[in-house]
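So the sequences go chain by chain: U and B. FYI, my numbering numbers position 346 of the first sequence as 346, with every residue one higher than the one before it. FYI, my numbering numbers position 200 of the second sequence as 200, with every residue one higher than the one before it.
Hints in this document: simulated from the structure, not taken from any laboratory. Hints may contain errors.
No distinction is drawn between identical chains; accordingly, a pair holds when it is met within one copy or between any pair of copies.
SDA-like, lysine to any residue: derived pairs with alpha carbons at most 20 Å apart [what the hints assert, rightly or not]: (1) 90 / 327; (2) 330 / 315; (3) 353 / 309; (4) 114 / 176; (5) 352 / 108.
2 protein chains.
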Amino acid sequence: MIIGILGGGQLARMLALAGYPLGLQFILLDPSADACGIGLGEHLHGAYDDQQLLARLAEKADVVTYEFENVPADVATFLASHTRVYPNPKALAVAQDRLLEKNFLQHLDIPTPKFLPVTDLTELQQAMQEIPYPAILKSRTMGYDGKGQVLLKSARDLPDAWRKMHGVLAIVESFVPFQREVSIIAARSPSGEIAYYPLSENQHAGGILRVSECLANDHLQQRAEDYVTWLMEALDYVGVLALELFDVDGHLLANEFAPRVHNSGHWTIEGAETSQFENHLRAILDLPLGSTAPRGHAAMVNFIGGQPNTGQILAIDHAHLHLYGKVPRKGRKVGHATLRSDDSAQLDSALKKLVAVANSVDDS
Amino acid sequence: MIIGILGGGQLARMLALAGYPLGLQFILLDPSADACGIGLGEHLHGAYDDQQLLARLAEKADVVTYEFENVPADVATFLASHTRVYPNPKALAVAQDRLLEKNFLQHLDIPTPKFLPVTDLTELQQAMQEIPYPAILKSRTMGYDGKGQVLLKSARDLPDAWRKMHGVLAIVESFVPFQREVSIIAARSPSGEIAYYPLSENQHAGGILRVSECLANDHLQQRAEDYVTWLMEALDYVGVLALELFDVDGHLLANEFAPRVHNSGHWTIEGAETSQFENHLRAILDLPLGSTAPRGHAAMVNFIGGQPNTGQILAIDHAHLHLYGKVPRKGRKVGHATLRSDDSAQLDSALKKLVAVANSVDDS
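If we strip away everything but chain U, and leave its shape as in the complex, we get (with noise of 0.2 Å):
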């Protein structure tokens, strides 16, 4: 089987490291010469709406699937006209888009932050009326890792923040003085099947996770599982899904979700009995869908900017090294650990060790 990729970076990568032990195959479309899961794969080297690669694509790949959400919306279509894709192109749509995202949670009672559309500056003053300071104003489209985000203070930030928005469509919703951030990754095969994951507590600092720990037996696993479960439902999903909430006071609210695997499901690979990753391809192959139970304690932590020194890492006890073969740059992931162990003192000794050693090649 040939399992066709919307994109070449880690996520693409570590989805064929994963797949190649299930005997399959990939063809990778990106447009970058040197995206760093190509080698794993077939690279089609072109634009992700270049039309004649996208045929070349559907015609190849037995089942086409994305590392990487923010495709136009009518690449998913004409994949899905010519070939079975995974997840299907609503679900793309909706995660694609701040504001469509928020309703379908909204109408399916998925508690959020408060949230409010926003077109000009005007309407980001009315809507200030509305939401409480501090608030956050994001674009609708193309945000991640903290792109395309700007916290308002005061309504003395509100002309700034717009200018920086560059005229794009928006949303502002309420900062919400969040205990923990958690996220919850889930697969669902095309029969329904959905295994959850342990739930992860997650850190980011400047929009960038840094660090996931796996939560076993947290007491809000229950309620993250029916939220990820009416959300997957709706959409009618197929593969790995990741929900990522806040916790405020015991009550989760949604602020997004991935229709792909997740930097904070990284852990599975070898925290859970099967990895995110190779529960995505099973889910998207209608194969039987892997345990996701836990194996003891595990925790990940990116490295962002600089290249960790290999033998520093592999000298911590119960660190697994993850590099992705990405040439550093400010700001961007060049590789994760993995730390798992039977015990969580262990464990906690481990990380900090290991966040060390992050902190000391972050850049960013």
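Based on these hints, arrange chain B on the given structure of chain U.
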């Protein structure tokens, strides 16, 4: 870093899959145009003794290693004079020749079955005055998976058995009435650090490995570790080595060793904290070795001759599939599955199911 591998089969494939997360790249020399590891690295297509290709391999690779030990001895020597090669040519030379190997083991006080060298029928007949029936006549070189071996039940078998050797140098050895076949896999760094995996208990049929089980805390673990330590130190060995042993009434007799990652260690991918593949790469790169601790109970079943149905394997709880992307052919190893569980009864139950599937596709 670029790792060169002599051979591009499933062992090279699994080395590469373990090496990508360490940020490594691969270059594989293999005479076959469709060796199953090829997609994971640059392919040098030609004979193992092609001087031009070897020179290119030595030039491009930071370290060269083997997935296949039966390459001409002068290849190892040529490479070692041009680049780092692990394991070293001596280890390869000893492992290639059953007579050198057995003499080497004896010299280290590692017990072996009784054996004698044989160069013609008269010598064979003389040798069988000293060695009891049943015995096995084995070619000194190029034997694997039971090839080049003939069982001797009585003196009447000798002329025919010798004819089957086609005049090659051979040894004859007593067939030991063992209770178990076990193997120990260990990794050694240039600095002399050694990491030992738990023993594997191995079941062969028709000379081909069928099932391996991880034996945590076996009473013969320490003895096996002693033997493999003596062997690795005497060879100044770097990398992973597998020593196969017979357990005869609680005494271990060495059968043979493989200077490479080994089929009986495939369970380490999911069943140990660090796989044999990753530890081989760590060793030859002089990186800290990873923990060899078992993760619960583990076993491995080979798929031989026929491809199993993916969905059928993945429906077995605790099963992890590893297909090699090879065209099925009689007696050919096309993949394996690992079972891993924290519960030994669950593992046993899953093992029965998995063996049944493997037997249903086995044509050997």
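Can you list which hints this structure breaks, lowest number first? 1, 2 and 5
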